[in-house]
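J.: Throw the hints in and build the complete structure from the sequences for me.
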Amino acid sequence: QQQVKQSPQSLIVQKGGIPIINCAYENTAFDYFPWYQQFPGKGPALLIAIRPDVSEKKEGRFTISFNKSAKQFSLHIMDSQPGDSATYFCAATDSNYQLIWGAGTKLIIKP
Amino acid sequence: KAGVTQTPRYLIKTRGQQVTLSCSPISGHRSVSWYQQTPGQGLQFLFEYFSETQRNKGNFPGRFSGRQFSNSRSEMNVSTLELGDSALYLCASSGTSGRAEDTQYFGPGTRLTVL
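In order, the protein sequence lines correspond to chains A and B. All the letters of the first sequence, read from the start, carry residue numbers 1 to 111 under our numbering. All the letters of the second sequence, read from the start, carry residue numbers 1 to 115 under our numbering.
Quick caveat, the hints were computed from the structure, so don't treat them as lab data. On a predicted model such as this, the values are computed, not experimentally measured, just so you know. Be aware that one or more of the hints could be misleading.
[Claimed, not checked] Straight-line C-alpha distance at most 25 Å; calculated DSS-like pairs for lysine-lysine:
no., chain 1, residue 1, chain 2, residue 2
1, A, Lys-42, B, Lys-13
2, A, Lys-106, A, Lys-58
3, A, Lys-5, B, Lys-57
[As the list claims (entries may be wrong)] Across the chosen pairs, the derived CB separations fall in these ranges:
no., chain 1, residue 1, chain 2, residue 2, range
4, A, Lys-42, B, Ser-27, 19 to 25 Å
5, A, Lys-58, B, Pro-61, 41 to 47 Å
6, A, Lys-42, B, Thr-20, 21 to 27 Å
7, B, Pro-8, A, Leu-46, 22 to 28 Å
8, A, Pro-82, B, Glu-52, 41 to 47 Å
9, A, Ala-45, B, Thr-20, 35 to 41 Å
10, A, Leu-46, B, Thr-5, 16 to 22 Å
11, B, Ser-70, A, Ser-95, 25 to 31 Å
12, A, Pro-52, B, Thr-14, 46 to 52 Å
13, B, Gly-58, A, Pro-8, 23 to 29 Å
14, A, Ser-7, B, Ser-22, 23 to 29 Å
15, A, Arg-61, B, Arg-67, 38 to 44 Å
[Said to hold, decoys possible] Below, a sample of chain A positions facing chain B; criterion: calculated Cβ distance under 8 Å:
no., residue
16, Phe-89
17, Asn-96
18, Gln-98
19, Leu-99
20, Trp-101
21, Ala-103
We put the beta carbon where it would ideally sit given N, CA and C, even for glycine.
T.: In structure tokens, the structure reads:
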């Protein structure tokens with residue numbers, strides 16, 4: 001119930017392509033869904049976040065799509081660049097304000 | 001505004017020893033969370049402190065403990081180190097509302113190697 005399942009584990013995309021990372025959850029009480037981006041040697045940093053009353057949110061080239069009925073949400077990166085190569089984590093908050101993390105997706109954008 | 005700082009950045013210990021890691025949050029932040037990150041296990045939540053009280057705890061053995069001081073600085077202690085404790089330990093601080101929507105700001109981590 002408390003898990004957030006993230007896929008794929010790794011992803012290789014050509015520059016300009018649109019990588020898509022998917023997450024699924026079971027707990028309908030989750031009410032906040034952030035995505036974090038982590039570069040090698042650095043801690044994760046917040047990329048974009050969404051609440052379940054919104055179906056889509058865009059910030060620059062990054063878009064979150066949210067399907068409340070399916071309990072799924074995904075991250076799309078438009079016009080991907082080699083600089084987007086990083087590990088991406090989805091997460092969700094529970095009623096105790098604790099972040100429940102997905103396992104991470106290592107994304108490589110090939111030039 | 002200074003970011004989250006963690007000390008030391010690198011640490012080498014031997015099995016059976018204990019270790020203390022330190023985290024200084026962003027000024028004004030009251031919540032500090034600790035995570036263990038390993039290549040195979042991703043980010044594993046250890047515990048969270050809010051205003052000197054442990055608010056949440058992950059599924060780690062009692063060898064892992066922490067505390068938070070009145071200035072919000074936090075320490076994490078691991079006793080009787082095991083080889084499997086080798087990992088990157090990340091600290092994150094978050095804001096003033098005490099809610100999870102407060103963005104977590106991560107430090108660079110402490111790389112612990114247990115020999």
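J.: A separate judgement is required for each hint: does it hold in the structure or not?
T.: Now for the hints, and whether the structure bears them out:
Between A/Lys-42 and B/Lys-13, the direct Cα distance comes to roughly 22 Å. Compliance with the 25 Å bound is thereby established for this hinted pair. For a cut-off of 25 Å, the pair hint linking A/Lys-106 to A/Lys-58 stands: about 21 Å separates their Cα positions. Note on A/Lys-5 and B/Lys-57: the hinted pairing holds, with a Cα-Cα distance of about 20 Å set against a maximum of 25 Å. Remark: the range hint 19 to 25 Å for A/Lys-42 to B/Ser-27 is upheld by a beta-carbon distance near 21 Å.
For A/Lys-58 paired with B/Pro-61, a C-beta distance near 43 Å keeps the hint of 41 to 47 Å intact. For the pair A/Lys-42 and B/Thr-20, the supplied restraint of 21 to 27 Å holds, since their beta-carbon distance comes to about 23 Å. Between B/Pro-8 and A/Leu-46 the CB atoms are about 26 Å apart, so this pair conforms to the stated range of 22 to 28 Å. For the pair A/Pro-82 and B/Glu-52, the beta carbons lie near 44 Å from each other, so the given range of 41 to 47 Å is met.
Against the hinted window of 35 to 41 Å, the Cβ-Cβ separation of A/Ala-45 and B/Thr-20 comes to about 26 Å, which falls outside the hint. In this structure, A/Leu-46 and B/Thr-5 meet the distance hint of 16 to 22 Å, their C-beta atoms being roughly 18 Å apart. Range check, B/Ser-70 to A/Ser-95: Cβ separation about 28 Å, and the 25 to 31 Å hint holds. Range check, A/Pro-52 to B/Thr-14: about 48 Å between beta-carbon atoms, so the 46 to 52 Å window is met.
For B/Gly-58 paired with A/Pro-8, a C-beta distance near 25 Å keeps the hint of 23 to 29 Å intact. Between A/Ser-7 and B/Ser-22 the beta carbon distance is about 36 Å. The supplied range of 23 to 29 Å is therefore violated. A/Arg-61 and B/Arg-67 have their C-beta atoms about 41 Å apart, which keeps the hinted 38 to 44 Å range intact. Annotation: interface hint on A/Phe-89 holds; nearest CB of chain B at approximately 6 Å, less than 8 Å.
With a cut of 8 Å, the hint placing A/Asn-96 at the interface with chain B holds, because the nearest CB-to-CB distance is about 6 Å. Taking 8 Å as the C-beta contact cut-off toward chain B, the hint placing A/Gln-98 at the interface holds, the least distance being around 4 Å. Using the Cβ-Cβ criterion of 8 Å, the hint placing A/Leu-99 at the interface with chain B is satisfied: the shortest such distance is roughly 6 Å. The restraint placing A/Trp-101 at the interface with chain B holds, with a minimum CB-CB distance near 5 Å, inside the 8 Å limit.
At about 4 Å, the closest approach between the beta carbon of A/Ala-103 and any beta carbon in chain B falls short of 8 Å, and the interface hint on this residue holds.
Hint check: violations occur at hints 9, 14; the rest are consistent with the structure.
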